[in-house]
Amino acid sequence: MALQRLSGWGRTAWTVADLFHTSDVHEMQRIIDGSGPRGVIARGLGRSYGAAAQNAGGNVIEITAEGDPNGIDAFLDSATGELDVASSVSLDSILRMSVPRGWFVPVTPGTRFITVGGAIASDVHGKNHHFDGSFGQHVSSITLMLASGEIVEMTPQSHPEWFWATVGGMGLTGIVLRAKVRMLRIESSRVRVETERLVNFDAVCEAMSSDGADNDYRYSVCWIDLLATGSSMGRGVLTRGEHASVADVKDDDVLAYDPRLKVPAPGWVPNGLLNKWSIKAFNEVWYRKAPATRHVSIESIPQFFHPLDGVHQWNRLYGKQGFIQYQFIVPLDRIDVLRAVIETFSSAGVASFLAVLKRMGAQNLAPMSFPTEGWTLTLDMAAGIKGLPELLAKVDNMVLDAG
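Quick note on our numbering: the sequence shown kicks off at 823 and runs consecutively.
Certain hints may be false.
Simulated restraints on C-beta separations [what the hints assert, rightly or not]:
no.: 1; residue 1: 1098; residue 2: 979; range: 46 to 56 Å
no.: 2; residue 1: 1021; residue 2: 972; range: 50 to 60 Å
no.: 3; residue 1: 1158; residue 2: 1113; range: 22 to 32 Å
In silico PhoX-like cross-links for lysine-lysine, where the CA-CA straight-line distance does not exceed 25 Å [claimed, not checked]:
no.: 4; residue 1: 1216; residue 2: 1098
no.: 5; residue 1: 1098; residue 2: 1111
no.: 6; residue 1: 1142; residue 2: 1208
no.: 7; residue 1: 1098; residue 2: 1208
no.: 8; residue 1: 1102; residue 2: 1216
no.: 9; residue 1: 1142; residue 2: 1098
no.: 10; residue 1: 1102; residue 2: 1142
no.: 11; residue 1: 1208; residue 2: 1102
No lab work stands behind these hints: they were computed from the structure.
Just so it is clear, CB atoms sit at the ideal spot from N, CA and C, and this is done for glycine as well.
Start from the sequences and build out the full structure, keeping to the hints where you can.
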């Protein structure tokens, strides 16, 4: 045990807690029994942007990954694609093991450096929610340690209320110890990607509408230039993808998978480096770089799914002030609210280094899970932007009024 300062990946809202490192269930039970009124929260790799895996003044159990003789505590049935895995194992470790055998995780967020336990607790979603739903919909079993120390294996059939309360429950039902996950069969380690430039908000919505071609693609996401104004307001770059077939891939080893960290972020970055002017310049280059008409390319899994993972500790680029991620969903028929929100950010000149729009599919049975059917806009912004709290409060009310 050690008293330690903790934050999320956004490096804001630092707190102090007693931090324990263990994967031993008996040690976890001992820590739970000895906890005070602040209780215990489990922590994986700490990639939640906010304060999800913190517990100021209480106990935090950082569940460490213990490898088996073959490398990681996970067993993949190559015939059925069922993965039996410890909660501490990361998606990165899983992909290194599974992709060469022709299996991919059913859902991945924008980073592979999260644990299975974190993926379940947050019920993470990715570019395929309109097609495959969120992570919890592909989990067939969860082994959970309750606050009493009791260990229960639950499925959607045996313990439906507990199971779905745990999916997206942010650790409130207990500590996830293990899970069984249904993996996705793939022919290659590449992605067939279609990219096109869209001139404004109307063009974006038309291309991504639920009655359009977007339904034909498993993966779909649109980068939005939040600083564009006038007739270009809401312009973007739409990227869609499918797992490439053997015929699409030119290499001999179609399942080769070797993700590498490309560059480290500087150890120190001044506050304000990612500002309105630097981001405006980046946005212009990124938009012009994209093809004006639909273009097909073959990309690696890291290129398409986890581009930011190519920069080690990229969160440092925001400086000591850190950054926040603001994400909301409005119903599909409230495009007017989505437009108004984008106009609000655009007219305020608030810079978001990463602004992405996705169309979400139907909600699952987890009462605390974030995704519901509609449009979701995600914005990463420097935490120190002047007037940002007031602006976000205004947007909160706009989103609430949308229902």
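Going through the hints against the structure:
{"no.": "1", "hint": "1098 x 979: 46 to 56 Å", "verdict": "holds (52 Å)"}
{"no.": "2", "hint": "1021 x 972: 50 to 60 Å", "verdict": "holds (58 Å)"}
{"no.": "3", "hint": "1158 x 1113: 22 to 32 Å", "verdict": "holds (30 Å)"}
{"no.": "4", "hint": "1216 x 1098", "verdict": "holds (20 Å)"}
{"no.": "5", "hint": "1098 x 1111", "verdict": "holds (20 Å)"}
{"no.": "6", "hint": "1142 x 1208", "verdict": "holds (16 Å)"}
{"no.": "7", "hint": "1098 x 1208", "verdict": "holds (12 Å)"}
{"no.": "8", "hint": "1102 x 1216", "verdict": "holds (23 Å)"}
{"no.": "9", "hint": "1142 x 1098", "verdict": "holds (18 Å)"}
{"no.": "10", "hint": "1102 x 1142", "verdict": "holds (22 Å)"}
{"no.": "11", "hint": "1208 x 1102", "verdict": "holds (17 Å)"}
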